[in-house]
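Participant: As you go down the protein sequences, you meet chains A and B in turn.
Under the working numbering, the letters of the first sequence match residues -10 to 122, in that order.
Under the working numbering, the letters of the second sequence match residues 31 to 526, in that order.
Source of the hints: derived by calculation from the structure; they are not laboratory data.
Here the structure is a predicted model, which means the values were calculated and not measured.
Careful: at least some of the hints might be erroneous.
[Claimed, not checked] EDC-like mimics (lysine to aspartate or glutamate), calculated; alpha carbons at most 20 Å apart, straight line:
#1 B:Lys401 with B:Asp474
#2 B:Lys193 with B:Glu329
#3 A:Lys55 with A:Glu96
#4 B:Lys504 with A:Glu29
#5 B:Lys226 with A:Glu118
#6 A:Lys55 with B:Glu508
#7 A:Lys3 with B:Glu224
#8 A:Lys55 with B:Asp427
#9 B:Lys432 with A:Glu37
#10 A:Lys43 with B:Glu221
Below are the chains, spelled out letter by letter.
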Amino acid sequence: MSDVSYPKDLKYTKSHEWIRVTGDVGRVGLTHYAQDQLGEIVFVELPEVGRELKQGEVFGVVESVKAVSDCYSPASGKVVRVNERLVDSPELVNSDPHGEGWFFELEISDSGELDNLMDADRYDKYQAEEGAH
Amino acid sequence: MSGTGYIYKREPLIFELSAPGRRAYSLPSSDVPACDPAEVLPRDQLRREPAALPEVSEVDVVRHFTRLSQRNHGVDIGFYPLGSCTMKYNPKVNEVVAGLDGFANVHPLTPEDLVQGALQLMYEMQTYLCEIGGVDAVTLQPAAGAHGEFTGVSIIKAYLASKGQGHRNKVIIPDSAHGTNPATAVIAGCETVEVKSDARGGVDIESLRAVADENVACLMLTNPNTLGLFDENIHVIADIVHRAGGLLYYDGANANAIMGYARPGDAGFDVVHFNLHKTFSTPHGGGGPGSGPVGVKKELADFLPVPVVGKDGDRYYLDYSLPKTIGRVKSFYGNFGVVVKAYAYIRSMGPEGLKRVAEDAVLAANYLMRKIARDYHLMYDRICKHEFVASGVWQRDRHGVKTLDIAKRLLDHGFHAPTVYFPLIVPEALMIEPTETESRETLDAFAEAMARIAREAEETPEKVTGAPQTTFVKRLDEARAARQPDLAYRGDLPKE
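One chain only, chain B, in its complex shape:
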């Protein structure tokens, strides 16, 4: 007996485990006089009745959430080829370093002289990101990639306004871009203009020329893009945008593909964001939070959020003196713990190690792409970078099996599904990013699973369209979940 039979039972909600009066913890009796909340809180802030909180013991809580965690898929459980998300392994040494007392338990308002080590780490992190990105100054404040985008575009707008170019309001975005790019532009008060991709999957140069006018604030570009393809025309693209008086924004979502080999700043980008939770191996998804530092060229450095970390002789300090700053974008100094983990990664890899990361990520993606291309269509059949986009159109047209079915069937093989139906320009898209940390055996096993699913689509399509069969919950009704969301537990459960 393995003793894991409980794993196949339905896990009750924590509310269903509740028993009146049960407690997890006995608090010492209060040593200050009790006061009635009704006397000190505004009337409209008072509850009419106590919250219906679950009453459980400590062991109930631990077992409940441990059991749930065992049903989850994470990068520590198995292969997680979620394209564009860069679900690479998170080295445990990062956690050890971030857990050090002086990093984990330091109060953000501690006087500078008592936290010189933490400030040194931040200062050096700014320096490393400048070197990796080919930029001159960095803020560590943004809490995630999209937050970095917003910070970057806000800096661009403030810079343009300072040059008497405040009317520039257009943000050019390729049709292969992440949805966060147009969302960022709109939130920053700009209008978006889409440019088409050309037959090779890059920016269509003629379409770009047609929209690059005196109203352009910037072009937002991910390179390599969401097809996993490097745009070799980047210098031409940069030239067109700069001649029109606009700036170039680098979406760093895919920087792991070029790290150490090409620097966005050298390619003409003026503003760059990094996803520490992708490129620099800090946890994300459920394990976040993220961190999205932004780097800029010299001319834009005065506009960074404050504070940045400065150095005066041997002393590190928080510099609030930037006269043209766009202001804070995050409380205190960003997600400091994440910065510590990314710092640990950069220091343990070193410059040569970071180059190897890019090499291995690209090698793994190309190896897997060639294997998968035996059974699946490639719309852009050329050497890719760190990820590639296959298409399920053959399976759909010949056997009525859709990409969603293929993704669900992968779960039966123990793999996390790739990103599906993105980018939008590839029908039935399967966006696969293996990352550099996977062994050849893992890549082979995944390719074999994909090949088996292709055979099943042909011979026994109902196996694929009926997937998953081996997971705790079967196929979810996504449409009903979105149309009739039922998110609050009210003491009753629907009949199963």
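Okay, chain A solo, but in the shape it has when bound:
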């Protein structure tokens, strides 16, 4: 369906979020597959700075022309920064999901949890199967 290559420096969840870890901070976003499934995104609800999230906890929702979906945090930790640009330009999630379309950053409290996530190769296979129904 799509010929996007998933960045090697990201880790991925089964619910189609990614996290890029730099030191003890993780930047979180939605994958190309997720934005493609959702279609044009019209609204993003971001978590509040300072909120403590657990891995797998709902941090917000994205609304597209098709559906409203929960988004799940790939790791536990405290939200330290959110991408304010998404408030006025939610389409960044569609145009650059692994870059400019990031959602928030958190201070990772348990880096061991990251081992539960998929690397790019595994996620690529996983999303191909998900889309192949």
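Based on the hints, put chain B in the right spot on chain A.
Facilitator: Same frame as chain A, now just chain B:
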């Protein structure tokens, strides 16, 4: 000349038709002394300037809205296979009955002795719905399906609390459910727990067992579900939930598929809602309002909203005496006019007729499914009930044509599009519900249109991705409409 050229012109807004001082109606001069609103209304309630209302004549108004109505698609214009919505034909005899003076013009506060006929109709409607649903008592108050859900879950919560089970706060909902189910649970103060569907499209029994614990208030289930599939495990499902101490809620959105053949109450459901505007042929969409009566088993009857209609000898009365009632959920007695229309439908069909409705709805859906399966993927390829879900994944993966494009292209063929991208568990979903009232010729014409679109997707995909071409407005920019909604007319229009 057909004389319908006006239909292809841009219809101005009613504001653009306005001319200063033009009036639709000359009111007789007032026979009471005029008073200044500023003297009788609170200051903060006063307008600073008069509202900018359009000033038009009666004929301007009639022509404007008649022209707009001619651009609309309705079930009286053409086939309307909007899955899950049950856009069945609305028999006109229902309107005749609902228009009778004693029904249409009765004041809701008229003394009971002067409205015995209206009360009798409501009482009998409660009785019929009890019989059709396999339940013991019914309220006609809820104004729509989701309102019925809220009423039903509120009754369940109140019942559980009365049994010392007030801590039960979990509502189990399958991943194929209508979005109203989780919304209802949250509004009623509960938490939702999702259960997955199994490979056949039913509730995954092991997943259900895993979440059915001492905190479960109820399971909300639509059967047949939004895939149009009947869950044959319903007795097992009911047993698991009841053993855990929870109740079963039946979402009646798809009751037209089983009407007269299976009763939710017999399958173990404790609370049932009906969509009169789906199952019992009253208008909905723009023609609403809806009506969502709720039926319950005996143990829950004391918790129904008041009043219900009772009968004492030959006399009908409004019964406010239920001691444990959850209270009112709607002013007066619900959408009475809708109840009258549904009553007319039930009486004109009769028990055998209602069974035929279910048979024909299921037959039509299966006939159409087999034809459409030649060109479109079926994720759950088994006999369906009143609707089925096809998928546009072949068209998407092979030709870059998405389900939204297919839906838009159907408009060029004169059909209303099916429900798209729902249920969420089917990618590129096309949810198609033909209903029992469509002829074989109509079903064939729709199937032929779907086949042609599949060929176009292959040979000339730009025809599909550029659709619609023959409608008054072309492809709408849904994303921009949602991102930058501009809903108020301020005396200017954007340049076209």
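Participant: Hey, Lys43 (chain A) versus Glu221 (chain B), does the alpha-carbon distance stay inside 20 Å?
Facilitator: holds (18 Å)
Participant: Holds or violated: Lys193 (chain B) and Glu329 (chain B), Cα atoms, limit 20 Å.
Facilitator: Roughly 11 Å separates the two Cα atoms, so the pair holds.
Participant: Mind checking the alpha carbons of Lys55 (chain A) and Asp427 (chain B) for me, to see if they're no more than 20 Å apart?
Facilitator: Holds, at about 19 Å.
Participant: Next pair to validate is Lys3 (chain A) with Glu224 (chain B); report whether the Cα-Cα distance is within 20 Å.
Facilitator: Holds: Lys3 (chain A) and Glu224 (chain B) sit about 16 Å apart, inside 20 Å.
Participant: Measure nothing beyond the straight line between the CA atoms of Lys55 (chain A) and Glu508 (chain B); if it is 20 Å or shorter, mark the hint as holding.
Facilitator: holds (10 Å)
Participant: Has the given pair, Lys226 (chain B) with Glu118 (chain A), been kept, meaning a C-alpha gap of at most 20 Å?
Facilitator: Satisfied, since the Cα-Cα distance of roughly 18 Å is no more than 20 Å.
Participant: Holds or violated: Lys504 (chain B) with Glu29 (chain A), Cα cutoff 20 Å?
Facilitator: Given that 20 Å is the threshold and the Cα spacing comes to 18 Å, the pair holds.
Participant: Take the C-alpha atoms of Lys432 (chain B) and Glu37 (chain A), compute the straight-line distance between them, and say whether it is at most 20 Å.
Facilitator: Cα-Cα ~36 Å, so violated.
Participant: Does the structure keep Lys401 (chain B) and Asp474 (chain B) at a Cα separation of 20 Å or less?
Facilitator: holds (8 Å)
Participant: Is the Cα-Cα distance between Lys55 (chain A) and Glu96 (chain A) 20 Å or less?
Facilitator: Given that 20 Å is the threshold and the Cα spacing comes to 32 Å, the pair is violated.
Taken one by one, the earlier hints fail for this structure at numbers 3 and 9, listed in ascending order.
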